[in-house]
Amino acid sequence: MIQIKDLHKSYHMGTNSLHVLKGINFNVKEGELVSIMGSSGSGKSTLLNILGMLDEADSGKYILDNVPIKNLNEKIAAKYRNDFLGFIFQSFNLINYKSALDNVSMPLYYKGVKRKERTEKAMHYLEKVGLAQWSHHLPSELSGGQKQRVAIARALASDPKVLLADEPTGALDTKTSYEVMELIQGINDEGKTILVVTHEDDIAHMTKRIVNLKDGLIIDDSPVQQVRASLHV
Amino acid sequence: MFDLERWQEIFETLSKNKLRTFLTGLSVASGIFILVILLGFSKGIENGVKSQFESDATNRIAIWTGVTTKEYKGLNPGRYIQLKNSSFDGVVNKYDDFLEYRTKDYPIWGANVTYKNETGNYRVRGTLPDNQFIENADIGSGRFINHSDVERSKKVAVIGNKLKTDLFKDEDPINKNLQVYGMNFKVIGVFFDPGGDREEGQVYIPVSTAQKIFNAGENIRNMAFTVKMADNFDEAVIQSNAISEGIEQHLKEMHVVAPDDVSAVRVYNTLEEAEQIYSLIATIRAVFWFVGIGTIIAGIVGVGNIMLIIVKERTKEIGIRKALGALPMSIVGMILQESVFVTMFAGLFGLIFGLGLLELAGPYIQNDFIKYPQVDFNIALTTVFLLVFAGALAGFVPAYRAAMIKPIDALRDE
Ligand SMILES: Nc1ncnc2c1ncn2[C@@H]1O[C@H](COP(=O)(O)OP(=O)(O)O)[C@@H](O)[C@H]1O
Ligand SMILES: [Mg+2]
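Taken in order, these protein sequences are the chains called Y and D.
Heads up: the first sequence begins at 1 in UniProt numbering, then just goes up one per residue.
Heads up: the second sequence begins at 1 in UniProt numbering, then just goes up one per residue.
Rather than coming from a laboratory, the hints here were simulated on the basis of the structure.
Predicted model only: the values in this text are computed from it and were never measured.
Treat the hints with care, as some may be off.
Straight-line Cα separation of at most 16 Å, EDC-like style, residue types lysine to aspartate or glutamate; simulated pairs [stated by the list, open to error]: (1) K79(Y) / D159(Y); (2) K406(D) / E56(Y); (3) K94(D) / E245(D); (4) K116(Y) / E9(D); (5) K406(D) / E74(Y); (6) K98(Y) / E9(D); (7) K111(Y) / E9(D); (8) K98(Y) / E12(D); (9) K114(Y) / D3(D); (10) K111(Y) / E5(D); (11) K406(D) / D58(Y); (12) K406(D) / D55(Y); (13) K114(Y) / E9(D); (14) K111(Y) / D3(D); (15) K316(D) / D413(D).
A short list of chain Y residues far from chain D (calculated; beta carbon distances all over 10 Å) [claimed, not checked]: (16) L18; (17) G31; (18) E167; (19) E182; (20) H199; (21) I219; (22) Q225.
All residues carry an ideal CB built from backbone N, CA and C; glycine is no exception.
Make the full structure from the sequences, and use the hints.
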């Protein structure tokens with residue numbers, strides 16, 4: 001599903017430049033649930049943003065679902081984001097003046113789905129994350145866990161090939177974190193490919209494979225015995 | 001352009017961001033409102049000044065005839081050129097659109113006028129109703145000659161104030177009969193004239209009556225016109241010269257006079273005094289244009305600023321929308337469509353509000369210097385479109401920039 005080869009990325013600030021990714025190589029197959037670990041500042045988000053086409057790499061190869069991702073113009077990038085990718089952010093990134101339902105409908109609106117169908121689909125995914133009764137609430141009326149579940153529903157709405165989650169539990173307490181992980185595991189069980197960035201060990205162990213990042217390189221990449229979040233809830 | 005889904009999205013955004021929508025709308029609406037009121041009052045002041053000074057600014061054309069000095073088409077010099085009713089009608093027909101007031105006169109100098117035991121020699125002048133305005137005669141009591149007096153050749157007289165004092169002393173002359181060469185004329189009005197005693201020692205009677213009682217037939221002695229006010233002095237000069245020359249030529253042809261014969265047909269036009277008034281009006285206009293354009297520029301800057309703030313405020317939302325698959329152009333389109341909709345709606349609202357207020361309050365604001373405040377609807381509407389366009393343009397640049405930055409940078413914005 002994902003193949004990257006010798007990926008480099010530097011940030012330039014004035015005369016300083018910071019080499020964040022120094023040649024990343026790894027592959028993700030369909031249906032995997034992978035966590036990317038590493039200390040703060042190790043380049044986890046940078047890597048995920050490049051995978052999500054929210055940012056561009058300086059050099060290296062990236063193939064997503066057999067499509068080489070390079071020199072994309074904004075139009076094609078927008079289409080790929082819409083078709084291939086679903087994002088889950090640490091800070092949720094919901095549109096604050098739109099209801100839960102409208103937030104979930106958003107990717108479908110940009111897909112060109114008609115209003116009625118959009119609402120039906122969005123409602124289906126809200127049910128899936130257990131928030132059907134909250135569909136008309138604004139994000140400000142929801143708890144952190146609920147917001148993250150709306151974000152997950154939104155990420156699923158356009159039925160993407162890959163879900164990318166950057167510290168999805170970073171802003172949540174332990175109990176809520178496990179509930180969110182349970183949801184993510186459930187989605188993976190249905191076959192969706194998911195990448196989760198985290199710096200928490202317990203969260204990483206709820207995935208099936210841990211990629212360890214240090215100083216811009218992968219220092220370890222190994223499968224793990226998945227801990228079911230449901231056991232902790 | 002008309003995409004229902006898109007409009008729904010925009011209405012939702014607008015209605016869910018009521019405060020922002022309201023404040024944007026308010027600033028646009030109040031800008032247009034102020035501009036409309038401003039334009040209205042500038043027009044009102046212009047009207048006021050015009051009506052105050054219009055009589056001084058009048059461009060007057062007077063036509064007299066004399067004796068020919070040149071042989072022309074086999075006719076000898078020394079011929080007296082007699083103006084007729086038809087000469088007057090010809091000129092009026094040809095220049096009607098440019099003329100404001102028109103008169104043809106048949107005066108008699110030193111006519112004997114008597115009331116009871118008082119008698120004297122005065123100028124008795126047959127004339128038309130318009131002459132009241134051409135001569136700036138102010139009616140003190142009664143009225144001036146009207147069309148029906150002329151049509152029926154009535155024996156009615158409007159007397160100058162000096163003549164009234166001479167003959168009537170303290171008596172009220174209205175509806176009394178005085179005699180001109182022994183013929184009874186009913187006095188219908190008394191007038192004052194800025195020209196003083198010389199002018200106020202006159203009797204105006206209908207021209208048709210004068211022609212009858214003095215056996216003049218179709219003859220008239222002179223005619224006078226005023227030309228409608230032009231937009232500015234230069235135009236007034238051009239117009240006035242064109243009309244004077246036109247009239248002269250017309251009359252010379254009609255009466256078979258050599259084109260270069262200067263004494264047979266004489267056309268005088270007075271315009272000098274008008275220059276000051278025209279320049280006063282031009283100054284007033286310039287001041288209001290200046291203020292008006294200043295207001296529009298301030299409005300454009302204001303709208304531009306609002307757009308800048310709105311885009312800045314929505315940078316993160318733009319990042320989210322892009323992460324979800326929005327095309328850059330759909331982001332730009334969304335922001336512009338919203339801004340155009342709000343500024344257009346608010347602008348028209350301010351326009352209607354301003355026009356409504358002028359319409360309602362205008363009639364009550366009538367003093368010497370402000371009259372009929374009014375706004376040219378097209379100018380006001382153009383201003384609205386200008387603001388809308390400027391708002392869109394001012395919004396386009398930041399919207400485009402925001403839409404083109406990497407989604408991750410937009411998302412990082414707080
Ligand atoms: N836009 C940016 N400009 C400059 N430096 C950045 C930018 N984004 C991240 N960095 C730097 O790159 C390094 C890696 O960042 P990041 O990928 O966010 O790490 P992580 O998510 O692993 O904590 C950090 O040192 C961070 O300060
Ligand atoms: Mg990070």
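message: Need the list of violated hint numbers for this structure, in ascending order.
response: none
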